[in-house]
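Sequence lines, in order, name chains P and X. The first sequence maps to residues 0 to 330 in numbering that gives the first Met the number 0. The second sequence maps to residues 0 to 471 in numbering that gives the first Met the number 0.
Keep in mind the hints are simulated off the structure, nothing from the lab. Note that the structure is predicted; figures quoted are calculated from it, not measured. It is possible that some hints are incorrect.
Heads up, simulated DMTMM-like pairs for lysine to aspartate or glutamate below, C-alpha to C-alpha not over 20 angstroms straight-line [as the list claims (entries may be wrong)]:
no.: 1; chain 1: X; residue 1: LYS276; chain 2: P; residue 2: GLU45
no.: 2; chain 1: X; residue 1: LYS320; chain 2: X; residue 2: ASP307
no.: 3; chain 1: X; residue 1: LYS375; chain 2: P; residue 2: GLU45
no.: 4; chain 1: X; residue 1: LYS320; chain 2: P; residue 2: GLU84
no.: 5; chain 1: X; residue 1: LYS373; chain 2: P; residue 2: GLU45
no.: 6; chain 1: P; residue 1: LYS46; chain 2: X; residue 2: ASP369
no.: 7; chain 1: P; residue 1: LYS269; chain 2: X; residue 2: GLU434
no.: 8; chain 1: P; residue 1: LYS235; chain 2: P; residue 2: ASP225
no.: 9; chain 1: X; residue 1: LYS320; chain 2: P; residue 2: GLU83
no.: 10; chain 1: X; residue 1: LYS308; chain 2: P; residue 2: GLU83
no.: 11; chain 1: X; residue 1: LYS177; chain 2: P; residue 2: ASP229
no.: 12; chain 1: P; residue 1: LYS269; chain 2: P; residue 2: ASP110
no.: 13; chain 1: P; residue 1: LYS212; chain 2: P; residue 2: ASP149
no.: 14; chain 1: X; residue 1: LYS308; chain 2: X; residue 2: ASP319
no.: 15; chain 1: X; residue 1: LYS308; chain 2: P; residue 2: GLU84
no.: 16; chain 1: P; residue 1: LYS42; chain 2: X; residue 2: ASP369
no.: 17; chain 1: P; residue 1: LYS269; chain 2: P; residue 2: GLU182
no.: 18; chain 1: X; residue 1: LYS177; chain 2: P; residue 2: ASP149
If you want the building blocks of each chain, they are given just below.
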Amino acid sequence: MANEQTNLENVSREKYIDFRYVKVNNEIVLSLDEAGKTVDAIKRAEKVSHIIVTVFTYIFILLLALVVVFPFYWMIITSLKQNEEINGAVQTFFPTIVMWSNYVHVFQVFDFGTYMFNTIVVAIFSTLGTLLTTILAAFAFARLRFKGRDAVFAIFLMTMMIPGEMMVISNYITVASFGWIGEGQTIFDAYLSMIVPFWTSVFYIYLLRQNFKQIPNELYLAAKVDGKSDWSFLWKVMVPLASPTLISITILKFMGTWNSYVWPNLVTSKREYRLISNGLRSSAFVDIDAGITAYGYQMAATVLVTVPLFLLFIFFRKYIMKGVGRAGIKG
Amino acid sequence: MKRNIRICSLIDLIKNIAYCVAGAVLLFIGALRLMEETPGEIESGQKLGEFGLAFLGVILIVIGLFGFYWLGALKREAAKTEGYDADLVRKYGILATVFAQMPTGVVSLMDRAERKKNGELTKRGVASNELFAETRPEYKEGYDAENNAVIRLVSPRNNGKAYQTRGIEDIGSKNNWKGWLYLAPVIILVSIFLIYPLVNTIFISFTQDYLYATGEFQGMTLTNFTYILGLTNRANGAHESYFVSYAIPNTIICVIVTVPVSTILALLISVALNSIKWFQKILQTIFFLPYVTNGIAVGMVFSVIFADKGVINFLFNTPDKVWIYGAERWTAMIPLCFYIVWSSIPFKILIFLSGLQGIDKQYYQAAQIDSASKAKVLWRITVPLLSPQILYILITSFIGAWKEYTAVVGLFNGPGTLGKAGDPNMETIVFYIYENLSTQTSYAAAAAVFLFVIILLFTALQFAVSKKRVHY
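Starting from the given sequences, assemble the full structure and let the hints guide the process.
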């Protein structure tokens with residue numbers, strides 16, 4: 000036993016310090032506030048400070064969460080209030096009389112159906128076009144090798160830095176020269192001018208390329224053995240494997256159309272051709288009796304515009320947050 | 000390797016019908032619109048879109064019809080082996096493949112239903128390999144010594160290529176001109192709607208009185224820039240003061256107030272969110288909510304909250320203080336900045352959180368052993384390790400803040416608060432661009448180029464700084 004111990008001692012002295020055999024250095028100074036405390040006391044103090052920090056963290060977070068949620072809450076309750084109550088000296092945090100009739104009125108004044116239809120048509124077709132071009136381009140960038148690929152990709156990435164406002168002016172002129180804007184514009188022209196310029200997105204190409212690059216090369220060889228062409232490999236293997244990213248792109252694109260305001264406002268000549276954001280801001284929600292803007296009606300309309308987005312968010316939370324979050328991950 | 004024989008599929012049938020119908024609709028619309036116009040317009044190339052549409056329609060119809068033909072051929076081949084509806088196919092032949100679809104589809108559907116019931120088919124309705132080999136002994140996988148050939152069962156769809164076992168190349172390994180085919184749609188769209196506009200806008204910004212409808216202009220000039228900056232007047236004596244006195248300062252205020260505030264706030268929130276245990280997911284979702292809203296709609300909500308009889312005045316006991324309509328410029332900046340911060344925080348939190356989750360826990364354990372304070376941990380560990388994300392956020396949010404527009408429209412429904420003689424006192428640079436787009440295209444282009452240069456300079460500056468400060 001003793002022999003063993005000396006053995007150990009030798010080994011430990013040679014290779015590393017074994018604290019069992021090292022005397023505590025007299026020069027070690029404990030910090031002042033820990034002096035004279037037992038281990039239990041220090042642990043307890045740490046626990047208390049931890050609890051305090053946690054409580055403050057929660058207070059901080061909950062307060063800010065309240066600020067974040069408050070506009071939504073206010074939107075909903077204002078949409079259910081009477082106009083007198085909204086403009087009253089004392090603000091109530093719950094409507095005294097719940098006015099569902101605000102919504103009825105809004106449906107009569109605000110042409111929700113038309114705007115909704117336009118928005119959905121534009122969203123569907125611009126998303127389809129974007130998906131198609133994005134998949135093809137991402138496949139070429141990720142899988143194929145040809146001269147000039149990297150140069151083209153670099154140019155594409157550079158265009159992401161250009162503010163969209165630079166493009167709007169000339170795109171407006173381009174679309175006008177296609178005959179889609181101007182006198183005698185039909186609904187079909189309006190759709191085309193809102194859809195075609197948005198059929199490509201460099202950012203989504205970049206996103207999907209990163210995803211395609213992660214798909215192992217063995218799958219491609221296996222598909223070749225099975226007699227698949229590049230084309231069917233893309234659609235039968237790559238696309239299904241990248242479907243989460245594609246779903247994210249679809250949803251983000253849909254949301255983008257739902258929120259687009261500037262371009263539809265520019266290129267459409269008639270109110271009936273516009274999208275939901277334009278309709279919301281251009282409709283006058285006026286109380287006929289008082290002659291002033293009726294916030295109740297206005298808020299009811301904003302609720303109608305916001306709810307579909309919220310539903311989308313609830314059902315596709317995972318994809319939306321992933322799609323947005325991926326933007327920040329360096330590839 | 001699994002090989003499935005697809006006998007028949009109703010989906011193919013429906014797909015072909017859909018192709019034909021969609022093509023017909025497109026063709027119809029395109030033709031209708033072409034008929035509407037006078038021939039002169041077509042010649043001048045104004046109606047390219049309609050031509051394209053009609054063409055697309057024709058292509059779709061061709062695809063659909065070809066699909067019918069091909070499906071018919073498949074059916075006949077299947078009928079040979081299956082034998083159940085050979086009569087039908089023989090009766091109608093190639094010319095009537097369209098009619099042959101329906102009975103074949105239905106018969107095979109009934110057949111499949113029965114076979115499914117008997118457990119002969121897998122869930123997805125395809126016969127398994129073993130079953131196929133069992134029911135048709137004449138087709139067998141294996142080595143045929145007589146002909147010195149390997150026999151494998153393959154789908155009738157691409158039986159030509161099914162046996163390729165040599166000459167398989169990795170497309171990634173050689174110079175593949177097909178890449179350009181895949182890129183073609185994007186390159187066309189990008190050059191029409193991205194590259195050309197960039198060049199064209201810069202060009203327009205140097206032209207005098209550009210008319211977008213005709214493309215005419217009165218020579219090249221530099222005065223567009225000096226005019227919008229209020230340095231020179233136009234020939235008729237008009238003087239532009241709004242761009243310098245409102246658009247630029249307002250935008251700069253948006254940038255220098257909202258970017259730091261929202262970034263720091265987002266950083267604190269995400270660090271806090273990352274450290275808590277309970278309700279983390281729910282709170283994370285709540286903080287993400289502003290991202291999934293319509294900017295205009297929430298802007299209107301904020302203008303109600305900040306109304307003179309609104310809840311802010313009630314809560315802070317400042318009755319009838321005017322924030323939105325008729326407000327002073329500097330007062331109206333408060334709700335504007337508040338709204339921008341509110342709406343820009345969720346994206347940042349999401350990015351920061353994903354960055355935080357990637358940080359190795361060992362750093363924090365080491366800090367704990369050294370009993371470093373929380374502030375020190377945040378400043379010395381979290382922020383440096385998060386610096387790539389912070390850089391990304393700073394660049395994107397700077398660019399975003401320079402382009403502020405929707406918030407102004409949502410809050411004020413116009414370029415100003417309707418105070419002080421109706422000046423556009425809340426105008427931003429982008430607002431100025433959109434306002435002048437169709438009436439004074441040259442000035443709008445000049446303003447856009449101005450913005451472009453500023454953003455480029457800013458981004459370049461940030462990249463330069465990041466070389467020293469960002470730890471990858």
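Hint-by-hint comparison with the structure:
1. Only pairs whose Cα atoms come within 20 angstroms are accepted, and X/LYS276 paired with P/GLU45 is accepted, the gap being roughly 18 angstroms.
2. Under the criterion of a C-alpha separation no larger than 20 angstroms, the hint pairing X/LYS320 with X/ASP307 is consistent with the structure, at around 5 angstroms.
3. This hinted pair checks out: X/LYS375 and P/GLU45 have alpha carbons roughly 17 angstroms apart, not beyond 20 angstroms.
4. Distance check on the hinted pair: X/LYS320 and P/GLU84 sit about 18 angstroms apart at the alpha-carbon level, within 20 angstroms; holds.
5. Restraint check for X/LYS373 and P/GLU45: the C-alpha separation of about 13 angstroms stays at or below 20 angstroms, so the hint holds.
6. Annotation: proposed proximity of P/LYS46 to X/ASP369 holds, straight-line Cα distance about 17 angstroms (limit 20 angstroms).
7. A C-alpha spacing of about 18 angstroms is found between P/LYS269 and X/GLU434, which places the hinted pair at or below 20 angstroms, so the restraint holds.
8. About 12 angstroms separates the Cα atoms of P/LYS235 and P/ASP225, which keeps this hinted pair within 20 angstroms; it holds.
9. Between X/LYS320 and P/GLU83 the CA atoms are separated by roughly 19 angstroms; this keeps the pair inside 20 angstroms, and the hint holds.
10. Distance restraint check for X/LYS308 and P/GLU83: the Cα-Cα separation of roughly 11 angstroms lies within the 20 angstroms cut-off, and the hinted pair is therefore satisfied.
11. Our distance criterion of 20 angstroms between C-alpha atoms is met by X/LYS177 and P/ASP229, whose separation comes to about 10 angstroms.
12. A threshold of 20 angstroms between alpha carbons decides the hint, and for P/LYS269 with P/ASP110 the separation of about 13 angstroms falls inside it, so the pair holds.
13. For the hint linking P/LYS212 to P/ASP149, the alpha-carbon distance of about 14 angstroms falls within 20 angstroms, and the restraint holds.
14. Annotation: proposed proximity of X/LYS308 to X/ASP319 holds, straight-line Cα distance about 6 angstroms (limit 20 angstroms).
15. Of the supplied pair hints, the one linking X/LYS308 and P/GLU84 holds, its CA atoms being roughly 10 angstroms apart against a limit of 20 angstroms.
16. For the hint linking P/LYS42 to X/ASP369, the alpha-carbon distance of about 15 angstroms falls within 20 angstroms, and the restraint holds.
17. This hinted pair checks out: P/LYS269 and P/GLU182 have alpha carbons roughly 10 angstroms apart, not beyond 20 angstroms.
18. Simply put, X/LYS177 and P/ASP149 have alpha-carbon atoms about 15 angstroms apart, close enough for the 20 angstroms limit, and the pair holds.
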